[in-house]
Structures are given as structure tokens and as C-alpha cells.
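Single-letter residue listing:
4 protein chains.
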Amino acid sequence: MPDNLSGIFPPLTTPFSDDEVSFENLIENLKKYELQMLAGYVLFGSNGESAFLTGEEKIKLVRTVREHTKRTLIVGTGFDSIKETISLSNKAAEFGANYALIITPSFFKSEMKHRTFLNYYTKVAESVMIPVIIYNVPKFTNVNIETETIMELSAHPNIAGLKDSTENSARISEINANVHSGFRLIVGTASVLYPGLINGATAGILALANIAPDQCYQIYRFFKERNFEKALEIQNRMIPVNRAVTAKFGVAGLKAAMDILGYYGGKPRLPLEPLNEAQIIELKMNLKTALLLE
Amino acid sequence: MPDNLSGIFPPLTTPFSDDEVSFENLIENLKKYELQMLAGYVLFGSNGESAFLTGEEKIKLVRTVREHTKRTLIVGTGFDSIKETISLSNKAAEFGANYALIITPSFFKSEMKHRTFLNYYTKVAESVMIPVIIYNVPKFTNVNIETETIMELSAHPNIAGLKDSTENSARISEINANVHSGFRLIVGTASVLYPGLINGATAGILALANIAPDQCYQIYRFFKERNFEKALEIQNRMIPVNRAVTAKFGVAGLKAAMDILGYYGGKPRLPLEPLNEAQIIELKMNLKTALLLE
Amino acid sequence: MPDNLSGIFPPLTTPFSDDEVSFENLIENLKKYELQMLAGYVLFGSNGESAFLTGEEKIKLVRTVREHTKRTLIVGTGFDSIKETISLSNKAAEFGANYALIITPSFFKSEMKHRTFLNYYTKVAESVMIPVIIYNVPKFTNVNIETETIMELSAHPNIAGLKDSTENSARISEINANVHSGFRLIVGTASVLYPGLINGATAGILALANIAPDQCYQIYRFFKERNFEKALEIQNRMIPVNRAVTAKFGVAGLKAAMDILGYYGGKPRLPLEPLNEAQIIELKMNLKTALLLE
Amino acid sequence: MPDNLSGIFPPLTTPFSDDEVSFENLIENLKKYELQMLAGYVLFGSNGESAFLTGEEKIKLVRTVREHTKRTLIVGTGFDSIKETISLSNKAAEFGANYALIITPSFFKSEMKHRTFLNYYTKVAESVMIPVIIYNVPKFTNVNIETETIMELSAHPNIAGLKDSTENSARISEINANVHSGFRLIVGTASVLYPGLINGATAGILALANIAPDQCYQIYRFFKERNFEKALEIQNRMIPVNRAVTAKFGVAGLKAAMDILGYYGGKPRLPLEPLNEAQIIELKMNLKTALLLE
Numbered sequence: 001m002p003d004n005l006s007g008i009f010p011p012l013t014t015p016f017s018d019d020e021v022s023f024e025n026l027i028e029n030l031k032k033y034e035l036q037m038l039a040g041y042v043l044f045g046s047n048g049e050s051a052f053l054t055g056e057e058k059i060k061l062v063r064t065v066r067e068h069t070k071r072t073l074i075v076g077t078g079f080d081s082i083k084e085t086i087s088l089s090n091k092a093a094e095f096g097a098n099y100a101l102i103i104t105p106s107f108f109k110s111e112m113k114h115r116t117f118l119n120y121y122t123k124v125a126e127s128v129m130i131p132v133i134i135y136n137v138p139k140f141t142n143v144n145i146e147t148e149t150i151m152e153l154s155a156h157p158n159i160a161g162l163k164d165s166t167e168n169s170a171r172i173s174e175i176n177a178n179v180h181s182g183f184r185l186i187v188g189t190a191s192v193l194y195p196g197l198i199n200g201a202t203a204g205i206l207a208l209a210n211i212a213p214d215q216c217y218q219i220y221r222f223f224k225e226r227n228f229e230k231a232l233e234i235q236n237r238m239i240p241v242n243r244a245v246t247a248k249f250g251v252a253g254l255k256a257a258m259d260i261l262g263y264y265g266g267k268p269r270l271p272l273e274p275l276n277e278a279q280i281i282e283l284k285m286n287l288k289t290a291l292l293l294e
Numbered sequence: 001m002p003d004n005l006s007g008i009f010p011p012l013t014t015p016f017s018d019d020e021v022s023f024e025n026l027i028e029n030l031k032k033y034e035l036q037m038l039a040g041y042v043l044f045g046s047n048g049e050s051a052f053l054t055g056e057e058k059i060k061l062v063r064t065v066r067e068h069t070k071r072t073l074i075v076g077t078g079f080d081s082i083k084e085t086i087s088l089s090n091k092a093a094e095f096g097a098n099y100a101l102i103i104t105p106s107f108f109k110s111e112m113k114h115r116t117f118l119n120y121y122t123k124v125a126e127s128v129m130i131p132v133i134i135y136n137v138p139k140f141t142n143v144n145i146e147t148e149t150i151m152e153l154s155a156h157p158n159i160a161g162l163k164d165s166t167e168n169s170a171r172i173s174e175i176n177a178n179v180h181s182g183f184r185l186i187v188g189t190a191s192v193l194y195p196g197l198i199n200g201a202t203a204g205i206l207a208l209a210n211i212a213p214d215q216c217y218q219i220y221r222f223f224k225e226r227n228f229e230k231a232l233e234i235q236n237r238m239i240p241v242n243r244a245v246t247a248k249f250g251v252a253g254l255k256a257a258m259d260i261l262g263y264y265g266g267k268p269r270l271p272l273e274p275l276n277e278a279q280i281i282e283l284k285m286n287l288k289t290a291l292l293l294e
Numbered sequence: 001m002p003d004n005l006s007g008i009f010p011p012l013t014t015p016f017s018d019d020e021v022s023f024e025n026l027i028e029n030l031k032k033y034e035l036q037m038l039a040g041y042v043l044f045g046s047n048g049e050s051a052f053l054t055g056e057e058k059i060k061l062v063r064t065v066r067e068h069t070k071r072t073l074i075v076g077t078g079f080d081s082i083k084e085t086i087s088l089s090n091k092a093a094e095f096g097a098n099y100a101l102i103i104t105p106s107f108f109k110s111e112m113k114h115r116t117f118l119n120y121y122t123k124v125a126e127s128v129m130i131p132v133i134i135y136n137v138p139k140f141t142n143v144n145i146e147t148e149t150i151m152e153l154s155a156h157p158n159i160a161g162l163k164d165s166t167e168n169s170a171r172i173s174e175i176n177a178n179v180h181s182g183f184r185l186i187v188g189t190a191s192v193l194y195p196g197l198i199n200g201a202t203a204g205i206l207a208l209a210n211i212a213p214d215q216c217y218q219i220y221r222f223f224k225e226r227n228f229e230k231a232l233e234i235q236n237r238m239i240p241v242n243r244a245v246t247a248k249f250g251v252a253g254l255k256a257a258m259d260i261l262g263y264y265g266g267k268p269r270l271p272l273e274p275l276n277e278a279q280i281i282e283l284k285m286n287l288k289t290a291l292l293l294e
Numbered sequence: 001m002p003d004n005l006s007g008i009f010p011p012l013t014t015p016f017s018d019d020e021v022s023f024e025n026l027i028e029n030l031k032k033y034e035l036q037m038l039a040g041y042v043l044f045g046s047n048g049e050s051a052f053l054t055g056e057e058k059i060k061l062v063r064t065v066r067e068h069t070k071r072t073l074i075v076g077t078g079f080d081s082i083k084e085t086i087s088l089s090n091k092a093a094e095f096g097a098n099y100a101l102i103i104t105p106s107f108f109k110s111e112m113k114h115r116t117f118l119n120y121y122t123k124v125a126e127s128v129m130i131p132v133i134i135y136n137v138p139k140f141t142n143v144n145i146e147t148e149t150i151m152e153l154s155a156h157p158n159i160a161g162l163k164d165s166t167e168n169s170a171r172i173s174e175i176n177a178n179v180h181s182g183f184r185l186i187v188g189t190a191s192v193l194y195p196g197l198i199n200g201a202t203a204g205i206l207a208l209a210n211i212a213p214d215q216c217y218q219i220y221r222f223f224k225e226r227n228f229e230k231a232l233e234i235q236n237r238m239i240p241v242n243r244a245v246t247a248k249f250g251v252a253g254l255k256a257a258m259d260i261l262g263y264y265g266g267k268p269r270l271p272l273e274p275l276n277e278a279q280i281i282e283l284k285m286n287l288k289t290a291l292l293l294e
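Protein chains in written order, with the numbering used here: chain L, 1 to 294; chain S, 1 to 294; chain C, 1 to 294; chain Y, 1 to 294.
Don't read these hints as lab results, they were simulated from the structure.
All C-beta atoms, glycine included, are put in the ideal place defined by N, C-alpha and C.
Check the hints yourself; a few may be wrong.
Okay, the calculated beta carbon distance ranges per label pair [what the hints assert, rightly or not]:
| hint | chain 1 | residue 1 | chain 2 | residue 2 | range |
| --- | --- | --- | --- | --- | --- |
| 1 | L | Met-285 | Y | Ile-260 | 52 to 58 Å |
| 2 | L | Glu-28 | Y | Thr-289 | 51 to 57 Å |
| 3 | S | Ser-127 | Y | Ser-181 | 55 to 61 Å |
Between the sequences and the hints, there should be enough to build the whole structure, so can you do that?
The structure is reproduced here in C-alpha cells:
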């Protein structure tokens with residue numbers, strides 16, 4: 001299994017123009033990100049609006065990104081359906097994906113328990129050609145995969161790690177102390193990057209890295225250099241702006257911030273709505289407080 | 001718009017054999033249902049395990065069911081993605097579906113509000129060739145579409161009705177009093193069929209109708225004949241068994257009950273697990289108390 | 001056990017003046033309610049802001065209301081502490097309360113299950129001098145007492161009934177079909193008064209009865225006269241305004257509506273805040289639509 | 001304002017014998033805790049079963065504990081009612097409490113927002129004779145006090161700190177970076193003691209300290225000595241056992257663990273039930289894994 005799951009990964013937003021995927025704008029953004037100290041990219045994270053993309057669009061997006069970078073490429077390929085998950089994962093692999101990031105199934109919420117998760121991830125992992133990363137994001141799925149289940153799955157040779165998008169650092173710490181060596185913990189939200197790293201995470205897949213790739217990297221770098229005070233200072237500066245572009249304004253806010261900061265954000269896809277004027281003003285204040293905007 | 005949304009519709013379970021769709025077993029079940037006073041069938045409701053089916057399997061299932069019945073065929077075709085929803089709906093229409101049952105989008109829960117739902121359903125309804133039925137099921141989606149939004153959408157010429165799977169009869173009553181005439185209210189769970197009908201609903205899409213089609217029909221018939229005492233008596237007898245095969249044991253329980261009662265249930269698809277022995281014993285007791293089993 | 005649990009009961013709001021209980025204003029309201037066809041009154045329901053009252057204030061309120069009415073008086077006396085519950089219930093009885101309305105304990109949410117509820121209500125019922133009414137209100141407590149538990153408790157000679165403030169009429173119907181005869185079901189919110197009555201409830205404890213006592217009574221009366229269309233017509237007219245003064249604007253809204261309609265509402269007690277101007281305008285529109293205001 | 005909010009504080013369980021408070025057993029436990037490196041004690045935390053105690057019992061408990069220790073004494077005195085809160089807080093102060101730990105009001109959940117919390121805590125803080133500590137515990141209250149509200153309240157001269165019982169270390173970090181100097185952050189659950197300290201907390205009020213006072217203290221001490229590896233090692237060992245005696249088995253489990261480890265635990269008060277045999281065996285396994293039991 002390759003070991004390239006260390007550092008900062010932005011989960012790329014998907015640019016739209018007239019509600020259709022705009023590949024040119026994606027490439028423009030990518031060129032800017034390639035100048036940053038990023039470890040790689042994630043396609044089809046939550047903020048990539050993958051829920052609104054068709055299978056065909058997804059494949060074309062994998063191909064496009066792979067053509068423009070040599071960095072690690074992690075692709076979100078999970079559905080409730082095991083068959084669909086395997087199929088998309090293997091197609092993504094064929095077009096250059098290095099890892100398949102697979103969100104917990106969640107439709108039958110009350111059934112999503114230890115046994116069910118073992119069934120799901122074991123079946124998927126043994127049928128997918130590239131290593132699998134488990135993706136736990138209760139905010140969107142309303143299910144949570146327990147630490148015991150992760151520990152057990154960490155023994156599977158084709159399950160490479162966990163992206164955890166809770167803000168619960170006890171979880172990260174407990175998991176890190178108990179999983180099989182080589183299993184990677186990836187922080188899923190910028191607000192807990194620093195405590196996550198302290199507790200054993202090796203990477204962050206951070207929506208915030210779309211607009212503040214350098215700041216996210218600096219937290220990572222200062223941590224590695226054991227300059228904890230500096231890391232924590234940047235971390236605390238990023239918490240409020242991260243909340244604004246994730247919890248408060250959602251993907252529309254993240255895209256508005258990209259537009260403000262020189263990337264292409266554009267509108268979210270229908271049925272989502274872009275921010276209104278008042279929200280943009282508030283967002284700019286958040287960016288200024290975080291020293292991302294003058 | 002055709003008016004054939006009155007009466008009882010079972011949301012058909014999908015039979016699997018070795019984890020693959022078993023079309024023969026589906027046809028066997030259908031033959032039995034055709035002998036019952038059912039108004040039609042629903043494919044790809046929640047209990048149809050549509051979350052675990054591929055697009056290809058779905059189309060083949062629509063085709064198969066259409067070949068074996070002349071009754072109204074309602075097909076679940078909703079995704080978060082508007083494009084995918086339109087595409088599957090139109091394919092289903094082509095193969096004989098009469099209505100597209102479209103679950104509320106739900107991935108970005110906190111964004112699923114009045115404007116977003118209007119955007120979504122308006123766009124979908126204007127692009128789908130058959131009439132659309134809104135499907136509200138907070139138990140699985142964790143979002144709820146408000147009565148005001150439904151009232152507004154009820155004016156759209158291609159939106160035919162609402163399947164509401166809450167147990168809140170104040171909702172049904174309020175909606176019924178305020179929607180455009182011709183808009184159909186469909187009760188989504190057998191536990192509130194009788195109060196739903198009293199409050200203006202014209203139909204029920206009821207998981208319970210997979211195992212108790214006649215009892216569900218009798219509630220409907222007695223209500224129509226204004227024999228309220230009789231309707232209520234059967235209704236109350238069905239509430240506990242309905243809770244067993246939906247809330248308590250889920251789709252695995254519904255399928256186990258089908259096996260017990262002479263239909264083909266079989267196992268749920270992976271990652272779900274079938275009932276264990278103790279659960280089957282408890283389920284049988286529920287069926288006996290409801291007089292569905294001797 | 002007396003049988004006077006039929007008809008409409010307003011859960012009286014507690015008037016404050018300078019944040020202190022205003023007994024005079026309460027008496028003024030009572031005089032107006034005495035002219036209405038109400039079966040009695042409830043003190044210390046949720047909308048009575050009982051959470052903000054001291055034990056001493058409560059006793060003085062019971063005494064005051066008893067001095068001004070001969071109707072049935074139901075008093076909310078429940079705490080998580082069994083000892084405190086028994087003590088307040090018996091004091092209230094001494095000063096004229098006919099029933100003790102006892103909210104489900106709820107602090108240790110995950111422990112509030114079948115056995116715990118049996119322990120609690122059995123112990124309370126055997127130590128309180130007046131009959132006990134169970135009060136289930138998940139909206140405020142985040143716990144729900146299951147139908148099985150209610151059925152078992154309904155056999156206790158000193159447990160007179162259940163006030164259920166969910167909008168789930170399957171619950172009411174199922175409970176009614178299974179409890180010991182003589183056990184009374186009381187609807188806890190005006191939005192489901194009519195379906196509740198149809199399903200066997202005999203009374204309503206309705207916040208809305210503070211501002212629309214006659215309309216609530218008319219639903220009850222038309223139902224008793226089997227004039228279902230008339231009952232349903234008023235019911236549907238009341239649903240939106242009921243939602244406004246409960247879910248949307250809460251107790252501050254209910255009190256503002258009382259001020260608008262000729263009762264004394266006043267401000268809620270600290271820490272709650274009164275409605276602002278914009279909210280009052282919206283509330284007035286709700287009252288007009290419901291034909292409560294011209 | 002005294003500064004004695006550093007270190008480890010067990011929130012004492014309340015011993016019962018025949019369902020009555022057993023002061024002797026409390027004193028026996030206290031004598032053992034006095035031999036440990038604890039900074040003080042908390043009375044009437046959630047695990048103290050304060051929800052089940054009467055006002056009289058509480059006062060007698062404060063008095064008893066004060067007679068047997070010179071350490072800092074923090075007393076839980078919050079109710080939804082501002083009047084009751086002030087009254088109990090001042091009585092507790094009179095009998096020797098150093099701080100009043102005041103849980104967020106929570107009955108009217110949807111109204112518990114920025115303005116309401118400011119109203120509540122400002123009014124309480126200006127009327128209570130001892131410094132106030134805000135207590136945020138969404139697990140029991142289903143409300144959450146936002147970081148902005150805490151920042152604003154931290155400026156009040158009589159609000160000394162916050163006990164936060166979420167496991168969200170982004171919250172602790174953000175609050176710590178923004179509150180007025182002198183405001184103390186107290187971790188409310190042992191599972192995040194170490195990340196909490198790293199993020200600026202100065203103390204822990206930890207249910208686990210009832211059974212593992214020395215281990216909790218060692219995490220604190222090693223952190224202070226900047227021996228992070230050692231602190232983290234003990235922290236990770238404590239996470240599973242902490243989950244067992246809090247989330248999984250609740251107060252009954254905490255008390256059972258006390259009995260096993262040489263303290264007096266006893267039964268929880270009615271309506272709660274003690275652990276059964278199978279649960280005790282599982283609990284012992286948890287204690288062994290954590291090296292608390294041989």
C-alpha cells in the first residue's frame with residue numbers, strides 16, 4: 001500500500017457555469033493549488049457537491065484532475081449500494097485515483113451498526129483495486145461508525161485509513177491508540193487539525209484548504225517542527241472562519257469565499273442557492289478577522 | 001393527469017437470491033397480489049431497498065412488473081442530483097411507470113428549506129414526462145418538507161400528490177385543507193391509514209400491504225362505506241404488527257414476515273442482515289396477535 | 001375516582017408584572033374563562049412557565065385559582081425527584097387540586113425506559129392523595145413514554161389518564177384500544193384535537209384554549225353531536241394559528257395573542273424575551289386568518 | 001475572585017441506603033479522596049443524581065462535605081427558575097460552597113439562545129454571593145451554549161469559568177483564545193482531559209475521578225511537567241473505561257465501579273435501577289483493561 005497520506009488535502013469544490021460542470025475553471029483553480037504545499041486532492045467530498053453530480057461527470061472530473069497533477073488523488077466513491085460503490089471506485093482507479101474515500105452507508109439509519117458496517121466495508125475493500133479510506137461524517141449522514149468497528153476494519157489489508165469529520169478528539173485519540181499500524185487517521189475538519197495531529201492523525205482533508213491552503217499547511221508544518229505555540233495560534237485564528245464556510249454558510253459560503261480570495265467559486269448547483277448580499281458582507285468580515293482578507 | 005391514486009398500494013420488497021435480484025420470485029409475489037383488491041404497486045420505496053439497487057437493476061425491475069400488471073405503477077426515482085432524478089424518472093416512464101415518486105433531497109440537511117425544495121421539485125417536475133409525487137420520510141432522510149412548501153408545489157400541473165410517511169395527522173389535515181384541488185394525499189405508513197383517510201387522504205402506500213393486503217384494503221373499504229367502527233377495529237389491530245415490521249425489525253422483518261405468510265421474502269441485501277431465530281419467534285407472536293397467523 | 005376529565009381545559013399562562021406573579025391579572029383572566037364552556041383548568045403546564053416558578057408561588061397560585069372556580073383543577077407537579085413530586089402534589093391537593101399532572105422524568109434521558117417509568121409512576125401514584133395523570137411531551141423532555149408502558153400503568157387504581165402532547169394519532173388510537181377501561185386519554189395540542197377525539201380521547205389540554213376557548217369547545221361539541229364536517233372545518237382553521245402560538249412563537253407568542261384578544265398576557269418571565277414588533281405583526285396576521293381577529 | 005480552579009475535581013456521587021441519603025458513606029468516601037491529590041470536590045453534578053435530591057437534602061450535603069474538607073467546593077445549584085437558582089446558590093454559599101456550578105436552563109429548548117442565556121446568567125451572577133461557573137452539558141439538556149455567548153459572559157466579574165462536557169476540543173480551543181483573562185475552562189469529561197489541557201483548560205470535573213482519582217491526577221501532572229507522551233498514554237487507557245461508566249452504564253455503572261474498587265457506590269436512587277449481573281461482569285472487564293482492577 002503506498003504511503004502518501006500525510007499532509008493537507010483540499011476536498012476540491014466543483015465549479016459550475018450555467019449549472020454545468022466547468023472543467024476550465026477547475027483547471028485554473030488546480031494550477032493555483034499546485035503552487036501550494038499540498039499533499040494532494042480529494043474529489044467528491046461533501047463540499048464537492050458530489051451528491052449533485054452524475055456518474056459520467058464524476059469520471060470526467062477524475063480524468064481531468066489526474067491530467068493536471070502528479071499528487072495523491074483521493075476520490076469519493078461511496079453509495080449505500082455496494083455494487084455501485086465498487087463500480088465507481090474501480091472506474092475512478094482506472095482513471096488515476098489513488099484512494100477510494102467511502103462514506104458510511106446511511107439510508108437505513110437504525111440498521112447501521114457494527115455488523116452492517118463490517119459487511120459493507122469488507123465486501124467493498126476486497127473488490128476495489130485501490131486502497132479504501134472510511135469516511136465518517138455524522139453531520140450529513142446521521143450515522144456514526146463506532147471506534148470498535150474502525151479498530152476491527154483497520155486490520156483489513158485494503159483499508160488504508162479513516163477520515164473522521166466529527167470534532168471529537170477523544171475519538172481520534174482512542175482510535176489511534178488501537179488501530180493496526182499503518183492505518184492512517186485523517187482529520188476531516190480544519191477546526192480540529194491541531195488536536196488531531198497531536199492525537200496521531202497524519203493528514204487533514206479540510207474544506208478550509210480550498211481558501212486557506214497555506215494556513216492549513218502552516219499548522220501542519222509547525223506541528224511537525226514541534227513549534228506548538230505557532231501551530232496553535234494559526235489553528236485558533238482559523239476556527240471561526242472555518243465555521244463560517246462550513247457550518248454557517250455551507251458550500252455556498254465556501255464558494256463565495258473562493259471568489260473573494262481569487263479562486264473560482266461560482267454558484268452551488270441547483271437546488272442550492274448562492275449567498276445573498278448580506279451574507280457575503282458577513283463572510284468578508286469573517287475572512288478579515290482570520291487575516292485571509294485585508 | 002390520470003386519476004388513479006386511490007386505494008392501497010404495497011411498496012414491493014425486492015427479492016434477492018444469493019444477493020442478486022430474483023425476478024422469478026418477484027413475479028410469484030406479484031401473481032398473489034394481483035388476486036387482491038390493490039390499486040397498484042410501488043417500486044423502489046424505502047422498503048424496496050432501492051438504496052442498494054443499481055440503475056440497471058431498477059430499469060429491469062420496472063419492465064418486469066409492468067409486464068405482469070395493468071394496475072397503476074408508481075416508481076421511486078429520486079436522488080439528490082436533479083439530473084440523475086430526471087434521467088431515471090424518464091427511463092422508468094418509458095418502461096411503463098405511471099408516476100415518479102421522488103424523495104426529498106437530503107444530503108445537505110441544513111440547506112433543505114422552502115426555497116431549495118421549490119427549486120428542486122419545480123425543476124424536476126417540468127422535466128419529467130410522468131406526474132411527480134413528493135415523498136416525505138423524515139425517519140430516513142432527517143429532513144422534513146413544510147406544509148407551506150407543499151401547498152405552493154401543489155399548484156404545479158405536473159406534481160400530482162404527496163406521500164407523507166410521518167404519523168402526524170395534523171399535517172395531513174392541514175395540507176388537505178389548503179392544497180390545490182386534484183392534489184392527492186397518500187398516507188405512507190399503515191399505522192395512520194384510518195386517521196389519514198378521515199383527514200382527506202385518498203390512498204395508502206403501506207409496507208404492511210406486502211403481508212396484509214386484504215386487511216389494509218378492508219380499512220379503506222369500511223372507511224369508504226362509512227363503517228367507521230369496523231375500519232377503526234382493523235386499524236388498531238394492525239398498529240402493533242406494523243410497528244414490528246417497520247420500526248422494530250425493519251426491512252429484514254418485513255421480508256421474514258412475507259416468508260412466514262406465504263410470499264417470498266428472503267434475505268435483505270448486503271450490508272443488511274436477516275433476522276435471527278429469537279427475532280423470528282417474536283415476530284411470529286406479533287403476527288398472531290394481529291390475527292395474520294394462526 | 002371522579003370522572004370529570006371530559007371537555008376542554010386551558011393550561012393557564014402565568015401573568016407576570018415586573019417579573020413577579022400577578023395574581024390580580026390571573027383572576028381577571030379566570031373571570032373571562034368562567035363564562036366559557038370549559039371543563040376546568042390546568043396550572044403549571046409547559047406554557048404556564050412552571051419551570052420558572054418557585055414552590056411557594058405555585059402553592060399560592062393553586063389556592064388563588066381554587067378560590068375562583070368550582071371546575072376541575074389539574075395541577076402540574078412533576079419533577080425528576082420522586083420526593084419533590086410527591087410533596088408538591090400533596091400540597092396542591094390540600095389546596096384544592098383534583099388531579100396531579102406529572103411530566104415524565106427526563107434528566108437521565110438514556111435511562112428513561114420501561115422499567116424506570118414503571119418505578120417512577122408507581123411510587124408516585126401510591127403516595128399522592130389525588131389521581132395522577134401522566135404527561136408525555138417529547139418536544140420539551142426529549143424522552144417518550146412507550147405505549148406498552150402506558151398500558152401497564154393504566155391498571156394502577158390511582159393513575160387516571162395520559163396527556164399526550166405528540167401529534168401522533170396512531171399512538172392515541174393504539175393506547176385507547178389497549179388501556180384499562182376508565183383510563184382517560186387527553187390530547188395535549190389543539191392541532192390534533194379532532195383526530196384525537198375520533199381515536200378515543202375524551203378531553204384536550206390545549207394552549208390554544210387560552211386564546212380561543214370557544215373554538216376549541218366547538219370542535220369538541222360538534223364532534224360529540226357527530227357533526228364531523230363542522231368539527232373538522234374549525235379544526236383545520238385552528239392548526240396554523242396553533243402552530244404560531246406554540247411551535248413558532250412559543251409562550252411569548254401565546255401571551256402576546258392573549259393581549260391582542262382581550263386577556264392579560266404580559267411578558268414571559270426572564271430569561272425569556274417578549275415578541276418584537278415584527279413578530280407581533282406576523283402573529284396578528286395568523287390570528288386574522290384563523291378568524292380570531294377581525 | 002479566588003483562583004483555585006486548577007487540577008482534578010471528582011463530581012461526588014451521592015450514596016443512598018434504602019433510597020435515603022447516606023451521609024456516613026459519603027464521609028467514608030471523602031476520607032479516601034482526601035488522601036488523593038485532588039483540588040477539590042463538586043456536589044450535585046449530573047452524576048451526583050442532583051435531579052433526584054430535595055432542597056433540604058442538598059443543603060445538608062453541602063454542610064457535611066464542608067465539615068470534612070478544606071479543599072475547593074463547587075456546588076451545582078442551577079434550575080430553569082432564576083429565583084430558585086439564586087436561592088439555592090446563596091444557601092450553599094452560606095454553608096461553605098466556593099463556587100456555584102450552574103447548568104444551562106433548558107426546558108424551553110428552542111428559546112435557549114444568545115439573548116436568553118445572557119439574560120439568565122447575568123441576572124444570576126449579579127445576585128449570587130459566590131462566583132458562578134457556567135455548565136454546558138448538551139447530553140443531558142439538549143441545548144448548547146455557543147462560544148460567542150460564553151465570550152460575552154466571560155467579561156462578567158462574577159462569572160469565573162465554564163465547565164464544558166462536550167468532547168469537542170475545537171470549542172475549548174476557540175473559547176480559550178477569546179475569553180477574558182482569568183476565565184477558567186474546565187473539562188467536563190475524562191475522555192478529553194489531555195486535549196483540553198493542551199487547549200488551555202486548567203481543570204477537570206471528571207466522573208472518572210470518583211473511581212480513578214490518581215490516574216486523572218497523573219494525566220494532569222504529566223501534562224504540567226510537559227511529559228506529553230506519559231500523559232497521553234494514561235489518557236488513552238482511560239477513554240474506554242470512562243465511556244463505560246458514563247455513556248454506557250451511566251450513574252449505576254459509576255456506582256457499581258466504586259463498589260468494586262473499594263469506595264461506597266450503592267444503588268442509584270429510584271427510579272434508576274442498579275446494574276444486573278451481566279453488566280457488572282462487563283464492567284469488571286472494562287476496569288481490568290484500564291488497569292484499575294487486577
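Checked hints:
Our hint of 52 to 58 Å for Met-285/L and Ile-260/Y holds, since their Cβ atoms are close to 55 Å apart. One distance hint, 51 to 57 Å for the beta-carbon pair Glu-28/L and Thr-289/Y, holds here, with the actual separation near 53 Å. For the hinted restraint 55 to 61 Å between Ser-127/S and Ser-181/Y, the CB-CB distance of approximately 60 Å keeps it satisfied.
Against the hints set out earlier in the document, no violation occurs for any number.
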